[in-house]
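**Q** These are the residues of each chain, in order.
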Amino acid sequence: MGRINEAFSSAKAENRAAFIAYLTAGFPNETTFANHALDILEVADILEIGLPYSDPLGDGPTIQKSSEQVLAQGMTTAKTFELIAELRKKTDKALLVMTYYNPIYCHKDGEAGFLKRLKEAGADGVILPDLPPDQADTLIPLARELKVDTVFLVAPTSTDARLKLVTEACRGFIYAVSVTGVTGARTALPQDVPDLVRRTKAFSTLPVAVGFGVSGFDTAKPIAEVADGVVVGSALIKTIAEGEDLKALSSEIARACQR
Amino acid sequence: MLFPQPNAKGRFGIYGGRYVPETLIPALDELSEAYQTIGRSPDFLAEYHHYLKTYVGRPSLLYYAENLTRYCGGAKIYLKREDLNHTGAHKINNAIGQALLAKRMGKKRFIAETGAGQHGVASATAAALFGLHCTVYMGEEDVRRQALNVYRMKLLGATVSPVTSGTRTLKDATNEAIRDWVTHVRDTFYIIGSVIGPHPYPMMTRDFQSVIGFETMEQLELAEGRKVPDVVVACVGGGSNAIGIFAPFAYLPDAERPKLIGVEAAGHGLQSGAHSASISAGKRGVLHGSLMYLMSDDDGQISPAHSVSAGLDYPGVGPEHSYFADAGLANYVSVADEGALIGFKKLSEIEGIIPALESSHAIYHTLELAPTMAKDQVIVVNLSGRGDKDVTEAMRVMNLMEADNGKN
Ligand SMILES: Cc1ncc(COP(=O)(O)O)c(C=O)c1O
Numbered sequence: 001m002g003r004i005n006e007a008f009s010s011a012k013a014e015n016r017a018a019f020i021a022y023l024t025a026g027f028p029n030e031t032t033f034a035n036h037a038l039d040i041l042e043v044a045d046i047l048e049i050g051l052p053y054s055d056p057l058g059d060g061p062t063i064q065k066s067s068e069q070v071l072a073q074g075m076t077t078a079k080t081f082e083l084i085a086e087l088r089k090k091t092d093k094a095l096l097v098m099t100y101y102n103p104i105y106c107h108k109d110g111e112a113g114f115l116k117r118l119k120e121a122g123a124d125g126v127i128l129p130d131l132p133p134d135q136a137d138t139l140i141p142l143a144r145e146l147k148v149d150t151v152f153l154v155a156p157t158s159t160d161a162r163l164k165l166v167t168e169a170c171r172g173f174i175y176a177v178s179v180t181g182v183t184g185a186r187t188a189l190p191q192d193v194p195d196l197v198r199r200t201k202a203f204s205t206l207p208v209a210v211g212f213g214v215s216g217f218d219t220a221k222p223i224a225e226v227a228d229g230v231v232v233g234s235a236l237i238k239t240i241a242e243g244e245d246l247k248a249l250s251s252e253i254a255r256a257c258q259r
Numbered sequence: 001m002l003f004p005q006p007n008a009k010g011r012f013g014i015y016g017g018r019y020v021p022e023t024l025i026p027a028l029d030e031l032s033e034a035y036q037t038i039g040r041s042p043d044f045l046a047e048y049h050h051y052l053k054t055y056v057g058r059p060s061l062l063y064y065a066e067n068l069t070r071y072c073g074g075a076k077i078y079l080k081r082e083d084l085n086h087t088g089a090h091k092i093n094n095a096i097g098q099a100l101l102a103k104r105m106g107k108k109r110f111i112a113e114t115g116a117g118q119h120g121v122a123s124a125t126a127a128a129l130f131g132l133h134c135t136v137y138m139g140e141e142d143v144r145r146q147a148l149n150v151y152r153m154k155l156l157g158a159t160v161s162p163v164t165s166g167t168r169t170l171k172d173a174t175n176e177a178i179r180d181w182v183t184h185v186r187d188t189f190y191i192i193g194s195v196i197g198p199h200p201y202p203m204m205t206r207d208f209q210s211v212i213g214f215e216t217m218e219q220l221e222l223a224e225g226r227k228v229p230d231v232v233v234a235c236v237g238g239g240s241n242a243i244g245i246f247a248p249f250a251y252l253p254d255a256e257r258p259k260l261i262g263v264e265a266a267g268h269g270l271q272s273g274a275h276s277a278s279i280s281a282g283k284r285g286v287l288h289g290s291l292m293y294l295m296s297d298d299d300g301q302i303s304p305a306h307s308v309s310a311g312l313d314y315p316g317v318g319p320e321h322s323y324f325a326d327a328g329l330a331n332y333v334s335v336a337d338e339g340a341l342i343g344f345k346k347l348s349e350i351e352g353i354i355p356a357l358e359s360s361h362a363i364y365h366t367l368e369l370a371p372t373m374a375k376d377q378v379i380v381v382n383l384s385g386r387g388d389k390d391v392t393e394a395m396r397v398m399n400l401m402e403a404d405n406g407k408n
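Protein sequence lines, in the order shown, are assigned to chains A and B.
Heads up: the first sequence begins at 1 in this note's numbering, then just goes up one per residue.
Heads up: the second sequence begins at 1 in this note's numbering, then just goes up one per residue.
Worth double-checking, as some hints may not be accurate.
Derived pair list, reagent style DSSO-like, types lysine-lysine, alpha-carbon separation capped at 27 Å [stated by the list, open to error]:
no.: 1; chain 1: A; residue 1: K147; chain 2: A; residue 2: K108
no.: 2; chain 1: A; residue 1: K164; chain 2: B; residue 2: K9
no.: 3; chain 1: B; residue 1: K259; chain 2: B; residue 2: K154
no.: 4; chain 1: A; residue 1: K238; chain 2: A; residue 2: K90
no.: 5; chain 1: A; residue 1: K79; chain 2: A; residue 2: K89
no.: 6; chain 1: A; residue 1: K201; chain 2: A; residue 2: K221
no.: 7; chain 1: B; residue 1: K227; chain 2: B; residue 2: K375
no.: 8; chain 1: A; residue 1: K79; chain 2: A; residue 2: K90
no.: 9; chain 1: B; residue 1: K283; chain 2: A; residue 2: K79
no.: 10; chain 1: A; residue 1: K116; chain 2: B; residue 2: K283
no.: 11; chain 1: A; residue 1: K147; chain 2: A; residue 2: K79
no.: 12; chain 1: B; residue 1: K283; chain 2: A; residue 2: K108
Over the 12 Å line for every Cβ pair with chain A, so calculated as not near, a few chain B residues [said to hold, decoys possible]:
no.: 13; residue: P4
no.: 14; residue: L132
no.: 15; residue: D297
Don't read these hints as lab results, they were simulated from the structure.
By construction, the Cβ of each residue, glycine as well, lies at the ideal position given by its N, Cα and C atoms.
With the hints as constraints, model all of the structure from the sequences given.
**A** Below, the structure is given as structure tokens:
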């Protein structure tokens, strides 16, 4: 069983939702990033590492700015993999790469080269918000071969036909987007999240994690009640950017994940 | 289907597709369906052509540029006068088409991206005409360069939302429009201004713009006794004015097809890195929902584009042009900022027509090409827009260049 599956199984055994944290690679700088990642993984089950992209059209201002900053500081695909390799030496928790399709498409050794390096660095999966599975004809077989989990997204607008297609292409877990919109911390989430989780689960036995907009205990708790995992990104990045207490926020989310 | 490409999955050869967040896929399915059923229906097309005739002022003239022809001393030069359309550019052909479709789909709100402001103005105009609100995303740099159009959009009742992320030009305005669309997808129609974006946009925009090429065929037949010229020249940003005039010719049998020349913006020169020549100097990649030629670094980070003309200042080019380039159905060349400014001045002086800086790239290429051709040959240049919007920026840049030359 892969690390991602294990993370969800153990969370389930402990009667809680898995806590999935997102951090932009090398934000605010490489050393601090590594420390933050390890701090968060004290309480989180899975870490998504954002490989920064110049045109992140699924992201709101918080993650956009963090991506712009690290790119300006010289972050690259190769360096992101180095950061992951360093983390892998210190943690056995599941690590995923979250990025957009162009950095993969344009990799000097192609999609296969990108995925191979991702795997060698010690990452377990990929999340690609601008690559629906029906555009991933070349990526999916390569990922299967390399045992890289492919996490695709379902949305509140997804029809049953889309839910079926997307969930069948997922490995590890299914990422349900809580809102129609981009990433970014919100104070309240729409009422139809439980409905989306229920509709998704009708098509798959994989764990379903909900993300976009989770900002703290109050937004995480209702998700933890209905989903197998809670994803938090912008709120963590904002806390780091503003120099606030990251450990406090991570513990708060971890507490909200308890059922 | 009007043309043989794209296939059912929205691919022109390998290019195109739908590389967008899952949230938008159902909206794109809905749009494809609406376009196939409503958008190609005789009833819709009759209404669309009614507006083109009575509101846009079509057909636009195919003008024999006698002075320019004499000046070049070669092929006969015709100008397809899209600059004479209501709002001053070809963009209105597409904006009216998409807005009419949106209205029939029951959408409540429009959004659009704009570079030069011409598509923003066209969308704001369509919104005013059909009684809907339009928000236009425009990079901060373009808000500065195209101040006249910003004022026009506001006057038309649109909200202009300046975009401060990334390079603050068309690419970033498009990102922001897509973010708005993901957020308000249930009631908002995104009027995309060029032959870019996820399927069905490149096809739909091409179909609406193809009126340019179909009219050219008819008009040239009357003027020259033949439908097909020897050469067609058009500037290429995202590629909508070029596709509009190319498409009806591009799929003709090899022996009948004229030479189609797309002119990209070479900015400060292809070697400088500061240009917008995605086909001439780019590589394949994915931007704004489709696979196309674009400019990016080895890590797939999109490179900043540059052109003196805001409408060509875009680091990608539509999937159908990418396909034409690979298949050899069209040729792509590039003209630098300086050439465009020469085209801008020459056409004004020689013909009394002030072209848009975008179109000036096509004019400059024609100045070079026409003298090399025989007198019985015919070039049609797509004059995509008028230059009023560019006068201040052109003056500023020409003064800078003169000051620079003075120093040397
Ligand atoms: C007059 C004019 N020509 C050309 C363009 C470039 O767009 P496209 O390549 O889609 O025709 C623009 C875009 O703003 C424009 O305003």
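**Q** Please work out if K283 of chain B and K79 of chain A have their alpha carbons no farther apart than 27 Å.
**A** holds, 23 Å
**Q** Keeping to a limit of 27 Å between CA atoms, is the pair of K79 of chain A and K90 of chain A held or broken?
**A** Measuring from Cα to Cα gives roughly 17 Å; hence the hint holds.
**Q** Check whether the Cα positions of K147 of chain A and K79 of chain A lie no farther apart than 27 Å.
**A** Judged against 27 Å, a Cα distance of about 22 Å means the pair holds.
**Q** Are the Cα positions of K238 of chain A and K90 of chain A separated by 27 Å at most?
**A** holds, 25 Å
**Q** For the pair supplied as a hint, K259 of chain B and K154 of chain B, is the alpha-carbon distance within the 27 Å limit?
**A** violated, 41 Å
**Q** Taking C-beta pairs only, is L132 of chain B more than 12 Å away from all of chain A?
**A** At roughly 20 Å from the nearest Cβ of chain A, L132 of chain B sits farther out than 12 Å, so the non-interface label holds.
**Q** Checking one constraint from the list: CA of K164 of chain A to CA of K9 of chain B, max 27 Å. Satisfied?
**A** holds, 19 Å
**Q** Check whether the Cα positions of K283 of chain B and K108 of chain A lie no farther apart than 27 Å.
**A** holds, 12 Å
**Q** What's the verdict on K79 of chain A and K89 of chain A, does the C-alpha distance respect the 27 Å limit or exceed it?
**A** Given pair K79 of chain A, K89 of chain A holds - Cα atoms ~16 Å apart, limit 27 Å.
**Q** Keeping to a limit of 27 Å between CA atoms, is the pair of K116 of chain A and K283 of chain B held or broken?
**A** holds, 23 Å
**Q** Would you assess whether D297 of chain B, listed as outside the interface, keeps its beta-carbon beyond 12 Å of every beta-carbon in chain A?
**A** violated, 8 Å
**Q** Does P4 of chain B clear chain A by more than 12 Å, comparing its Cβ with all Cβ atoms of that chain?
**A** holds, 22 Å
Violated hints for the displayed structure, listed by number in ascending order: 3 and 15.
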